[in-house]
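J.: Spelled out from the first residue to the last, the chains are:
Number of protein chains: 2
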Amino acid sequence: MPERKTLHLTAFMRPVSLHSGAWRYPGSYPDANFNLAHLKSFIQKLEAAKFDAFFMADHLAVLNMPVEALKRSHTVTSFEPFTLLSALSQVTEKIGLAATASTTYDEPYHIARRFASLDHLSNGRAAWNIVTTGNPESAKNFGLDEHVEHSERYKRAREFYDVVTGLWDSFADDAFIRNQESGIYLDPEKMHVLNHRGDELKVRGPLNIARPVQGWPVIVQAGQSEPGRQLAAETAEVVFCSPRDLESAKSLYADIKGRAAAAGRSGETLKILPAALIVVGDTVEDAKNKRLKLDSLVHYDSAIASLSISLGTDASGFDPDAPLPADIPDTNASKTSRAGVLKLAEDEKLTVRQLAGRYGGYSGLAFVGTPETIAQDMEVWLNEEAADGFTVCFPFLPQGLDDVTERLVPELQRRGLFRKDYEGTTLREHLGLARPKNQFFT
Amino acid sequence: MPERKTLHLTAFMRPVSLHSGAWRYPGSYPDANFNLAHLKSFIQKLEAAKFDAFFMADHLAVLNMPVEALKRSHTVTSFEPFTLLSALSQVTEKIGLAATASTTYDEPYHIARRFASLDHLSNGRAAWNIVTTGNPESAKNFGLDEHVEHSERYKRAREFYDVVTGLWDSFADDAFIRNQESGIYLDPEKMHVLNHRGDELKVRGPLNIARPVQGWPVIVQAGQSEPGRQLAAETAEVVFCSPRDLESAKSLYADIKGRAAAAGRSGETLKILPAALIVVGDTVEDAKNKRLKLDSLVHYDSAIASLSISLGTDASGFDPDAPLPADIPDTNASKTSRAGVLKLAEDEKLTVRQLAGRYGGYSGLAFVGTPETIAQDMEVWLNEEAADGFTVCFPFLPQGLDDVTERLVPELQRRGLFRKDYEGTTLREHLGLARPKNQFFT
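Which chain is which? The protein sequence lines are A and B, in order.
Everything in the first sequence is counted per our numbering, starting at 1 for the first residue and increasing by one.
Everything in the second sequence is counted per our numbering, starting at 1 for the first residue and increasing by one.
Quick caveat, the hints were computed from the structure, so don't treat them as lab data.
All of these numbers come straight from a predicted model, not from anything done at the bench.
Glycine included, every Cβ here is placed at the ideal spot set by N, Cα and C.
Wrong hints could be hidden among the right ones.
No farther apart than 27 Å at their CA atoms in a straight line, the calculated lysine-lysine pairs in the DSS-like style are these [to be verified]: (1) 288(B) x 349(B); (2) 190(A) x 190(B); (3) 71(A) x 349(B); (4) 293(B) x 40(A).
Short derived list, chain B residues pointing at chain A, Cβ under 7 Å [said to hold, decoys possible]: (5) 24; (6) 31; (7) 57; (8) 58; (9) 62; (10) 77; (11) 92; (12) 156; (13) 182; (14) 197; (15) 198; (16) 204; (17) 350.
With these hints in hand, go ahead and build the complete structure from the sequences.
T.: Take a look at the structure:
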């Protein structure tokens, strides 16, 4: 009998909730995003629940938003990923630690070195989420007036990956001898000088740190654009993505796995983990009410602005407590997104205010239900090849996280869909990924 | 009665010993430099002994040395400072955490952010050792063929400091309100956009993290060149330096404090902490023998090469076990350094082999004696205004560190020269430095 397919779960933790109203939810910690004691507790709960990894997104700027939205945003102050994950590596033992780092606004020597260091400090639990940083606000913090053009960013990213992985292979695993008697510390035959000279980058090497415990930290990639998918297919071991529903997820899954196959890779070496907000209730109705309550905590001004963008029409004059007017003009802008709003309004019978809260809060993929219904849905996604697992987004903290670790995870375990204990000690082992061979040494 | 002047002590910990033979000393850990469990134990011992800070030097390359020296060097593999110090911040509570970061090969936004993050994670214990990275090997890892010229590096460093401190002041201390009821997270009036546009750097801001606990992490500087001293006088709160003896230390001390006064600063706001190797013995003779033993562990080939450089003449043909020949030719190269070798040979009656071991091992300032003689010497340095304390370099680990924390420190405490407990919780408090006012908010 073939082994049952199981889910991989990583926790999206920067910000601790993607929902902009999360910090106001009754009983939630308003400073959850920037309180080390809370973050320690969160990661320890996630480890106790056997999550694969704790995932830190990142931004190299205060997010660009109107001041009225900014003053209500819990995203403004955050720990830098490497310092936070290194700290958290000392209060955990097994859970993976995924940090985002930019190939556009950083140097490959720095990135290779920091991930190698985190991998050593954590005994093989580091992962690099490769991003090219599209946000033009970031460019302005790094000496530029305009952000770097998309295809140029991806060209550099691809070469950057080659340099970083080349630097990680600077030393054979047995390069360090440390024989006190003979006085030989290192076998210089087992040190490789990269001497990279490409179109975008010139880096000599070697790296000044031993090869990472995992060989290479796990490679994560999130781009959904054409070059983003291609980069993922060629390099990623985990893909973080944001499909809106099962059908689009299946198509994205097939596309990326197909590209990977075309690049000569087995589908098993690449795990696709869509982001999903999970709201657990005692009943489906209870869960839906939690979500409505959460959406209601988004300030109406920014909520209605988000809804207007999605509708492609100014919604600020609509009656907040009535359904959407029937005669919304059809504009050229965002036809698909407009249709999505209309469908949602119809399906869930939402008022303008509720719709606005949804679009101003978090309108991506969500599983809202009981532990049983959510587990059932996740099994469908797994079996229908829409996902190899999920990047779990929490609605609010700590309760929304506890609901997942204490209620959903046991249900997934009961169904044989999720591990009851870690299979190994490194993140590669949790994900079932092989340790890469050193390119320069056997 | 005026308060007794007391010493500040920081521990130089990258590498864990500057002495190239340290890792071979009997009983020492050969992997002390790259073993997290050891490093945790070292910092916890230093904290128990009430050291001001744990100091990580840094290099952005494998040090350039001939392969025969490289294969014997314990410096090749090291943790990256931010990842290591962030990890160590979670196993300590009071000791300062000083990281080196380069103004030449990094970006002010990254540096400001990482130090702010480390300062928050450690509850106010971070310090930034500003370096301009002179090592040409580093340039080759960052896209350059030649290293950046000295005055250009210092020009950028000075402006870099303004940008980093400006970014640290992005938010008033009371900017974050987090009122769940009103939904106001942040007072945007208390956020400052830097908009820096200088000759060297263009950085908009604001930083995406709250103002550091210490206001600004403590500023450390180590340059001894003319522009290095000037930068220190204008910006540094701790100066790490390497005078060879009491007289040169007094002159350096007076020069830097004088420059600081000329820049309008009180001498109290700048602590000068020369690097000193400390070798403790039961008797002075015992300590000297430990040092001779340690020097003897440097491989003769690299030791004699170092001696030849210091002498300005090829010493490889000399009889290793005889005193220096009397007729060493006087060359133009390194007159001062040659005189230093001759004086040392005379003072300590060393053979060529022993001299070579000294120069190949560590030939900087050292206190070698009993706890009593070393404490006495340190008191002289303090009272004669040669130092405000020391950056302690250990001869080998763990014993050489234990000798300092368990034998020298109690003797210093007995004499009232060193604290018996921390005065506060932040590194600024340990050093007696005020928390800087925010430039943009009162």
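J.: Hint by hint, say whether it matches the structure.
T.: Going through the hints against the structure:
Distance hint between residue 288(B) and residue 349(B) is fulfilled; the C-alpha atoms sit about 12 Å from each other, no more than 27 Å. For the given pair, residue 190(A) sits about 54 Å from residue 190(B) by alpha-carbon distance, which is inconsistent with the 27 Å threshold. Restraint check: the Cα-Cα separation between residue 71(A) and residue 349(B) comes to about 72 Å, which exceeds 27 Å; the hinted pair is violated. Among the hinted pairs, residue 293(B) with residue 40(A) is inconsistent with the structure: their alpha-carbon atoms are about 46 Å apart, more than 27 Å.
Here the hint on residue 24(B) is kept, as its CB sits about 5 Å from the closest CB of chain A, short of 7 Å. Interface hint status for residue 31(B): upheld, as the beta-carbon distance to the closest one in chain A is roughly 6 Å, under 7 Å. The interface hint given for residue 57(B) is broken, as the beta carbon of that residue sits about 12 Å from the closest beta carbon of chain A, more than 7 Å. Interface hint at residue 58(B): violated, since its Cβ lies 9 Å from the closest Cβ of chain A, which is beyond the 7 Å cut-off.
Among the interface hints, the one on residue 62(B) holds; its C-beta lies about 5 Å from the nearest C-beta in chain A, closer than the 7 Å criterion. A cut of 7 Å between beta carbons decides the hint on residue 77(B): the least distance to chain A is about 4 Å, and the hint holds. Proximity of residue 92(B) to chain A is violated relative to the hint, the smallest CB-CB distance being about 10 Å (cut-off 7 Å). Hint on residue 156(B) is violated. Least Cβ distance to chain A is approximately 12 Å, over the 7 Å limit.
Taking 7 Å as the C-beta contact cut-off toward chain A, the hint placing residue 182(B) at the interface is violated, the least distance being around 9 Å. Here the hint on residue 197(B) is broken, as its CB sits about 10 Å from the closest CB of chain A, past 7 Å. The interface hint given for residue 198(B) is violated, since its Cβ lies 11 Å from the closest Cβ of chain A, which is over the 7 Å cut-off. Restraint check, residue 204(B) versus chain A: the minimum CB separation of about 4 Å is within 7 Å; hint holds.
Hint on residue 350(B) is violated. Least Cβ distance to chain A is approximately 21 Å, over the 7 Å limit.
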